[in-house]
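> Following the hints, complete the assembly by docking chain B onto the known chain A.
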Amino acid sequence: MRDPRRRLPAAFALALLAGGVALADQTGLPGRPATAADVAAWNVDVEATGAGLPPGRGSVADGERVFAARCAGCHGSAGQGGPMDRLVGGQGTLASDKPVKTIGSFWPYATTVFDYVRRAMPFDRPGTLSNDDVYAVTAWLLFANGVIGRDAVMNARTLPAVAMPNRAGFLEHDPRPDAP
Amino acid sequence: MSQASRIARRTFLAGSAVAAAASGLPRTVDAQTGAALPARPTELGAPLRPYGTPSPFERDVVRVAADGPPTAISSWDFTPLQHLEGIVTPSGLVFERNHGGVPQIDPARHRLLVHGLVDNPRVFTLDDLRRLPSVSVMRFLECSGNSLSEWKKPTGATVQITHGLVSCCEWTGVRVSAVLAELGLKPGAKWVLAEGADAALMDRSVPLEKMMDDALLVWSQNGEALRPEQGYPLRLLLPGFEGNMNVKWLRRLKVASEPFYTREETAKYTDLLGNGEARMFTFAMEAKSVITRPSGGMHLGRRGSYEISGLAWSGRGKIVRVEVSSDAGASWNAASLQEPVLTKCLTRFRYPWTWNGGEAVLQSRCVDETGYVQPTLADLVRVRGLNSFYHLNAIQSWHVASGGEVTNIHA
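Just so you know, the protein sequences line up as chains A and B, in that order.
Sequential numbering from 54 applies to the first sequence in our numbering.
Sequential numbering from 2 applies to the second sequence in our numbering.
Think of the hints as simulated: they come from the structure by calculation, not from any bench.
Since this is a predicted model, take the numbers as computed values, not measurements.
Treat each hint with caution, since some may be false.
[Said to hold, decoys possible] List of simulated lysine-lysine pairs, BS3-like, C-alpha gap at most 27 Å:
no.	chain 1	residue 1	chain 2	residue 2
1	A	K151	B	K154
2	B	K269	A	K151
3	A	K151	B	K153
Looking at chain A on its own, in the form it has when it is part of the complex (with noise of 0.2 Å):
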């Protein structure tokens, strides 16, 4: 058996690596420092900049067959909706009578697809999907609602660049009380 005085030191060592942070805790505070390990568990949001956007690429081909494997039983062959939302379509409709709110009409940033499918969907088995999976099936729902064309690979550099054609439409100040 090793001396327990010489592994001590490297399993310190060790431990300042896997968690990368100060061990010194000093905040006085319950709880422990959180380590780049939980971070790194956890951290899964993507910004519009697209920060925290992972590693991986996906096509409009390869999305178009995980859609029709993993989407389309809620959405549509087409992503049209139905049972679930209607995901493609409704350009045009917003101050119509009858407005069609889709990813193509709406949304105001294409990072938000991403996030949005690696967090919640598939809706029955959440968080199934490769990161690759993911890029894949959002470029699919972008080319399918004219965003972009069939071409198109979507990373963590092409995606956040992508112009959605209702970025324009949110107004993010909160102007109420408007009414009476």
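Same frame as chain A, now just chain B:
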């Protein structure tokens, strides 16, 4: 019940039945209905039980699920406001809105991660949070979709369907500001992502200003642990803000400089205006009131005295005045407000009314401490059009027919 106590009870019951027959106790009959009324109990009641439930005669007082959504996993149900008194919503009747079902979480395995633009990112257990100074507050919670069926035509038959996406509880927890202040905010911190541990990893961006004002991390509701469907073991409470932002099953807070533009705050909980533009980040639930009795589906009996009673609330502070009209808003009378009147809390109002037996249209309108007056539906539609879906806080009208039937109308 043990064998011994069962036997003891049977023996005793037999004895008391004999005694009752022998005593010849008189039976009473209700003069109006002819129903036989019990003279006096001659049987023992039920024994103790570890957790109480409502009387079986109250089985109609339950939540009712929305009939629109194709799955009950991502759906909502309504609080039976027409059956409730006072301002507290019993925990089991608080409305539900879930986006990926109700997870069953072992509190021993639940953690809250607070990270992002903080000096000391940190992980908390429930026991850790309970060591911090705690507070209890009475606050309402309202889904921004409350009354969404009522924009174009009167739809809900009862106040449960028209207004039942609001509930009010006593919540206990710790201030988010206390936690964030201890962790140390970095320059540029302006928003906080709140994320749940449900299947949808439901998430919303919350202004840091709100977090530092009155936001709470709560584990208790009406004195006991949160119900699973209300976020057990930990949820965010943002008093006065739309319900979905009060993230349930809270597991992560991430401080950032910009909002995250999540699906729920872009594609979903945004308010589409008539010109095709949509409002984003409309957080506060504005002042609203509704008469809960008499309300849709009820029948008045004989003409004469009735108490009009209802609820008022505002996400911007206290209710200062509620007025009631029985003539579709031609004239208004001040209702009395039941104490306590608390900020961002349901307030019970009452008004004694004499029904003359003819047609009437009952309405209530409230004013909050900012001076804001609850609008008419026409006021709202003029500004927002008919497709903004969320944040309908207009005056509700109940029509009383000469026969006493009460129905939902637009007046």
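> For the pair we were handed, K151 (chain A) and K154 (chain B), check the Cα-Cα distance against 27 Å.
holds (15 Å)
> Does the alpha-carbon distance linking K269 (chain B) and K151 (chain A) stay inside the 27 Å limit?
holds (16 Å)
> With the threshold set at 27 Å, check whether the alpha-carbon distance from K151 (chain A) to K153 (chain B) stays at or below it.
holds (12 Å)
The structure is consistent with each of the numbered hints, conforming to all of them.
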